[in-house]
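Asker: This is what each chain is made of:
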Amino acid sequence: MLGRRGAAIPAVHEPADHVLRATGVGKKIDEAVLLLPADVQLRRAQCVVLRGPNGSGKTTLLRILAGTMSASEGEATLDGSPVDERQDATRTAVAALIGAPATYRDLTLVDHLVLIDSTWGHVGEPADDRADEILELLEIDHLAERFPHELSSGQQQLFHLSMVLVRPSSILLLDEPEQRLDPDKRELLTRILLDRKADGSGLLIACHDPAMTDALADTVVDLQSA
Amino acid sequence: MTGADQQRLRQVRAAILGNRPDTSVSTTLYPVYVAVIAAASYGVPAAQQLFRSLDGKWLAAHAWTPVGAIVAVSVTALLLALVPLVGRVHGPVVPPLPYLGLVVASPMPRTVTLARNWRLSFGGSVIGGMLVGAVGGAGLAIAKVSSPVVLLPATVCGALLGVLIAELWLHGQVHASPLGLPSGSSLPGGRRNALALLDIAGLQRQSASNATIGGAVLAGDLRTVRLDAARPSTHARHVRLRASGPLVVIARRDLLGLHRAPWSALYGLGFAAAGSAGLMLSLQSPRTPTVAPLFSLIVAYLGFGALCEGLRLHADNSGTSRLLGLPYRDTALAHLAVPLSAWALSAIVVNAGLSLAGLVRPTDSIWVLGIGVLLAGSHLMASFRGLPPVGVFGPRAGVPSMIFWYGKPFLATLVVGTATTAWAARIATTWVAFSWLLLLTSGVVAWGLVLVDKRDRRS
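Read top to bottom, the protein sequences are chains A and B.
Take the first sequence: its letters are residues 1 to 226, numbered as in this note's numbering.
Take the second sequence: its letters are residues 1 to 459, numbered as in this note's numbering.
Here chain A stands alone, though its shape is the one from the complex (with noise of 0.2 Å):
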């Protein structure tokens, strides 16, 4: 696996063989239809590219998919059980960027990194040079020592990136993740994804991106406006 146009890339853990579904899933509050009945099924190895116009209902299916909000109709199920992220087994499995992550205004990037990994049970030196290694992959490392509020729009959103890819997974679930990234990067960001699905990660991607989508996806579903 490479990064940094050549530098080695942090290995991953192994992804489980999760399957993540939703079935005929829609949502409604009162009479605004925020999300129209739709079918999507995720397996390891596997991308999902979710399309559609704006408010067809990407984020919300993704929402729902990571279980931080319920379906009005249908069913999300992580291997057969109800998607909900209070539960261990679906945080476990499921590293959503949907909007913006928790940020602490008072550390640094790479504290941020070394924060989340530790809380996931990575201890020691190997974690601390974990951190380093997923900024260099994201081209962000001369920025480690940066607080969040001292990053430019672009730059927040390849730290964002960051925080998703060093915790552990088996599924991730991304909203828009080329969005405010110049081509290089969104091209980097491909690649990196792309390593993702090799090892085994499974990907449901709300992107707007057609060079993204075609290298990335196996299945394209299309969000009809709602």
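Calculated from the structure, these hints are not laboratory results.
The reader is advised that the hints may include incorrect statements.
Straight line, CA to CA, 25 Å or less: simulated SDA-like cross-link-like pairs of lysine to any residue [unchecked claim]:
#1 454/B <-> 102/A
#2 28/A <-> 318/B
#3 454/B <-> 72/A
#4 454/B <-> 89/A
#5 454/B <-> 30/A
#6 454/B <-> 84/A
#7 28/A <-> 390/B
#8 454/B <-> 85/A
#9 454/B <-> 29/A
#10 454/B <-> 99/A
#11 454/B <-> 81/A
#12 28/A <-> 457/B
#13 454/B <-> 69/A
#14 454/B <-> 87/A
#15 454/B <-> 70/A
#16 197/A <-> 325/B
#17 454/B <-> 82/A
The following residues of chain B were derived to be distant from chain A, with all beta-carbon distances above 10 Å [stated by the list, open to error]:
#18 108
#19 110
#20 266
#21 357
With the Cβ distance kept under 7 Å, some of the chain B side facing chain A (calculated, not the full set) [what the hints assert, rightly or not]:
#22 232
#23 233
#24 237
#25 243
#26 246
#27 253
#28 313
#29 317
#30 320
#31 324
#32 325
#33 326
Just so you know, even glycine gets a beta-carbon here, dropped at the ideal spot from N, CA and C.
The hints should help you fit chain B onto chain A, whose structure is shown.
Answerer: Below, chain B without anything else, positioned relative to chain A:
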């Protein structure tokens, strides 16, 4: 300031007002009227009650001694030292953004365009100082701690203090300028000089912050107020968080956070030490005024709170994508490790010092450790209380219900801590009071955990 400048400013004000009548005088006088009524209706009765509860004879004997004077001067100096810091975040001269962009940015001298805002703040500060002095003096006189003659010097002193506060407030705002002071200029160099030194970027930053904070206060969003008012961390960036066990790394995170906010850590430890000392001294005599443990708890609550930034940041982050491998409640509890340890350490050190001086018993530290758990519970409540329910903003609810809603954690600490500490000082079997302290504290902690779980479910 030339006559031509004044004339231009009058034209600008006329253009801003358009056809509407100029109500600036009435809108300025109305808050003064309300403040005077509130001071007379609530301030004076509260002040005289406070002085009565302090034990008038004890106060009369101690207030007019050199020690009393030193305490009064020290407290005043401490408060005055804080004023420039307030000015750095929110100064006395903060016009609205459109006025800044259209008028203050024009070639007209800032001493002219900003004079009105300064006069309003200066006048408010002086009148506020006078009222505080008058209320304090009236309270002392009614409680018979001193003769009614004290009213006049107290009011004059209050007004002078108001002048000093206003000048220091402006001083803080000028020093917060992103451009810094021009070479060769120094402060204080006169008020006109100070107004001329206020730069547009700094004024706009404070004005925007003012609008954000004002909106957040109206919406009951204290998180936005706190994050907007606090300067982001940039200190000790080269110190790294080292990997460790899932719970230990949270505590290490909080220690690193305090290392990067040294003033907050110092303030927290100082107030924790002062609060725990006050609580231990309050236990020594049944004649100790109830207000002594009350003030000690206020100081302790503030000190403990300064050490709880990690806990508040965890609560702030609810609702976002979760990336930590720990359950939400466990993370919240892990964030209490550092403030509780710091509290325990300060209590033990203070107890050792006071015990050696023969002022307290070594076992009194156990009481203060119990209070530490109470503070932890109340800060859990405060950090995870979230936004107030809509009913709190209803037309029937009013300001008191909103203050009560926000103040619940603080009030829980004061009621439980003051009642049990004052009781413990008055009975021979302290362990009975301690049992009640633990029982009520477990209630406060349970309340805090309920709020944590509720926030967990909502996020």
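Asker: Against which earlier hints does the structure fall short, listed by number upward?
Answerer: Hints that this structure does not satisfy do not exist here, as all of them hold.
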